[in-house]
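Respectively, the protein sequence lines represent chains A and B.
If you want the numbering used here, it's the 1-based position in the first sequence plus 61.
If you want the numbering used here, it's the 1-based position in the second sequence plus 356.
If you're looking for bench data, these hints aren't it; they were derived computationally from the structure.
This structure is a prediction, so every number in the text was calculated from the model and none was measured.
C-beta atoms are modelled at their ideal positions from N, C-alpha and C, and glycine is treated no differently.
You may find that some hints are simply not true.
What the hints assert, rightly or not - Here are some of the chain A residues that sit facing chain B, going by a computed Cβ distance under 8 Å:
#1 ARG139
#2 TRP213
#3 PHE215
#4 GLY220
#5 ALA246
#6 ALA268
#7 ARG273
#8 ALA303
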Amino acid sequence: MPARAGTGDAPPTGAPSAEGAAVPARILELADAESGAAGERQVGLPPDTDDGARSDYPDAPLLQRRVWLLMLLDGAERAGVAPLPTAHLHRLAFFANCLAPVYDLPVPNGIVVKDRRRGPYYPELQWDVDRLAAQGLVELRGLRHVEEDDGWGFTADYGLTVKGVEALDRAAASPRTARTRRFLAELGAAFGALGEAGREHADEADATYGDRHAADGRVIDFAEWRERNYSADAAQAFSKLAPARAHLTRRDALHLYFRYLDRVLAGAA
Amino acid sequence: MSGGPPPTAPAGQPVTAAADRPSGPVPLDALRDTLARELAGLPPGDADDPLAFFTAVTEYLMGWLASSSGESRGAPAVFVFVDRPRLEGERLGMTRLPLFRYGHEHPVRGGVFVAGAGLADVFTATPAGAGLAGLARHLQEAGLAGRPTAVLLSDCGDLALLPQGVEGEADGPRIPLGAAAVPRLDADAVETFLDNFYTEYVRVPQPGHKMWEHPEHHVPVRRAERSLQEIMYVPARAHFRNHAVRQEDSNREGIADISIMHKGDLRAMGTGVIELKVLKSRRHAVQWQDAGEVSAADNQDAVRDGIDQARCYRDELACDFTVLACFDMRITDEGDGIFEAVRTDADALGVRCRRFYMYNSPQAGRRGRAGSVGRVATKRAAAKQPAAKRAAAKRGGAAPTAAQPPSADSP
Chain A
62 MPARAGTGDA PPTGAPSAEG AAVPARILEL ADAESGAAGE RQVGLPPDTD DGARSDYPDA
122 PLLQRRVWLL MLLDGAERAG VAPLPTAHLH RLAFFANCLA PVYDLPVPNG IVVKDRRRGP
182 YYPELQWDVD RLAAQGLVEL RGLRHVEEDD GWGFTADYGL TVKGVEALDR AAASPRTART
242 RRFLAELGAA FGALGEAGRE HADEADATYG DRHAADGRVI DFAEWRERNY SADAAQAFSK
302 LAPARAHLTR RDALHLYFRY LDRVLAGAA
Chain B
357 MSGGPPPTAP AGQPVTAAAD RPSGPVPLDA LRDTLARELA GLPPGDADDP LAFFTAVTEY
417 LMGWLASSSG ESRGAPAVFV FVDRPRLEGE RLGMTRLPLF RYGHEHPVRG GVFVAGAGLA
477 DVFTATPAGA GLAGLARHLQ EAGLAGRPTA VLLSDCGDLA LLPQGVEGEA DGPRIPLGAA
537 AVPRLDADAV ETFLDNFYTE YVRVPQPGHK MWEHPEHHVP VRRAERSLQE IMYVPARAHF
597 RNHAVRQEDS NREGIADISI MHKGDLRAMG TGVIELKVLK SRRHAVQWQD AGEVSAADNQ
657 DAVRDGIDQA RCYRDELACD FTVLACFDMR ITDEGDGIFE AVRTDADALG VRCRRFYMYN
717 SPQAGRRGRA GSVGRVATKR AAAKQPAAKR AAAKRGGAAP TAAQPPSADS P
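With the hints as extra help, turn the sequences into a complete structure.
Following this line, the structure appears as structure tokens:
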């Protein structure tokens, strides 16, 4: 999948105000920013209307988004499936978005464009991960240029660097961030358990992205303006279907949903 | 942005049950099936929990040892649980074994294996002058001596679990992976058990195992299926000693007669359900003359119910297989014809059906063992009798229902 933002295009939404060496330092201080001006908001939320203005750090939403991305990559590292190819990274981000309600977390990004050929793709995320790579927090390897219908782009494999781990360990120290981190670590484990083929096609079996009512090329709004999150509904339905004596945890529901995807892809469900 | 978790489907409704939603793409049956089959296999701990790592290593090595004919003998292997295997592996200059757990093609012939809980990509190194002491020294030098470790011992094939690492003082549990193999429990193994049980316990009446109220008239005891289950329970526990055998295992769909489940022995794979049915010609009665007749349709219904129950209990208990065992107490041994009408359904549902004819006396059992000679001879003799004589014989016969043909296994 070509990463349009990596070719020097303008950022897809907004413009990061602090790039280069200043941003890692801000990331290290994010835990303080989160418990202060960010108020009740949790790490993982996308930039909102005026949070930036209220924050001591004008780019706090951007930093939160990037810490969330580092945590997403960390989940893949812990699961032993990193570095992640570009397509897998976006696919994992999609699942992190639509399955966040299973852990009672807000949905960071409730819309995605359906693209049967490429799978889920988030321009903002691509912009962020490339900048994190430039800052030395994310490792980019296996850079490959590819030509698509709309021009040239590149794909690569993304993983954390040691510097990224150190930054994340400090930035993600707050209890609220820890909850998101636990979710993303478990998500990485469940995603990693799919196997190579499963990770390649998991979105096709997903209840939201693979819904045949959603036409190719259209925006799927599962949690932005509408609440039509079939994936989270399905994962949470396991608890209701379980025998009374079997208490399912959120972790169980998450893993069961990925087992369900695996069974769909294998033609068993 | 989401204002909180979306509403979930009420029990028994489609997942997207809200009235303003289109029909969702996930049928509840698919989720229910996934739940039944996958729940038992979920990792027992969180992604960063050593318990999940130990379980994954144990299961992998069990499968690997089973398929590699014990190639690990000769050199110890050490599996170390780290938070981020790629970063550790690259830091230590180890070799990457991609997609480690998805196949058994990677050799485990000694060395250090660094992995996360999922055993997805594993990094390995074989330090010079290995041996267990050499591996421990290597871990100390690498700064991994305090990490949760599983050691595959080369001499006996045991797996030693060290939650505090090779430097930890506490000894962890030891799993005898290399001990005598426990064959995987499957429907064939259960059929073998049923064959033995049938021969030893119920083929002919045995003292202490009462199945007949009036054997000479083919009248079973009250609640014959429960009696059969109680007779079977102890032999089943003895036979499946690596599993937990339960009687009357209740679940949401009903009560499974005999279930054979895991009990912690990680070598003992496979779980199953035995559903018991008794086929009868007569119902129970204290006086044999009061014993009512059981029709062929009733027996056929019992078989159909048995198949449904066997399938439901297997799914509900997330077992690997199920066997419907029909113990046939009818007057005549009519063979497996009763399965003809349900064979297709049973096969489609994955239910193995077996029938065991129970003789009502040792003499009948001996005749049955000799083959069908006695039965055929008796039928031929009956056919040669004049009709009036046959009618008189029936009227004066022991059976309360005159329509029954003479039985080869009547005393």
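Restraint outcome when ARG139 (chain A) is required to lie within 8 Å of chain B by C-beta distance: Since the shortest Cβ distance to chain B is 6 Å, the answer is holds.
### Message
Interface hint check: GLY220 (chain A), Cβ to nearest Cβ on chain B, cutoff 8 Å. Holds or violated?
### Response
6 Å, holds
(message) ALA268 (chain A) was flagged as interface toward chain B. Is the shortest Cβ-Cβ separation under 8 Å?
(response) 5 Å, holds
### Message
Quick check on TRP213 (chain A) please, does its C-beta sit within 8 Å of some C-beta on chain B?
### Response
29 Å, violated
Self-check item: Hint check, ALA303 (chain A) versus chain B [nearest Cβ-Cβ separation less than 8 Å]
Solution: 6 Å, holds
Subject >> Restraint outcome when ALA246 (chain A) is required to lie within 8 Å of chain B by C-beta distance >> reply: The hint holds - ALA246 (chain A) has a Cβ within 8 Å of chain B, the shortest such distance being about 4 Å.
| task | Tell me if ARG273 (chain A) is really an interface residue toward chain B, meaning its C-beta lies closer than 8 Å to one of theirs. | result | 7 Å, holds
Next on the checklist: A closest beta-carbon separation below 8 Å is what the hint needs, so does PHE215 (chain A) meet it against chain B?
Outcome noted: Hint violated; PHE215 (chain A) Cβ to chain B Cβ min 22 Å, cut 8 Å.
In summary, the numbered hints that this structure violates are 2 and 3.
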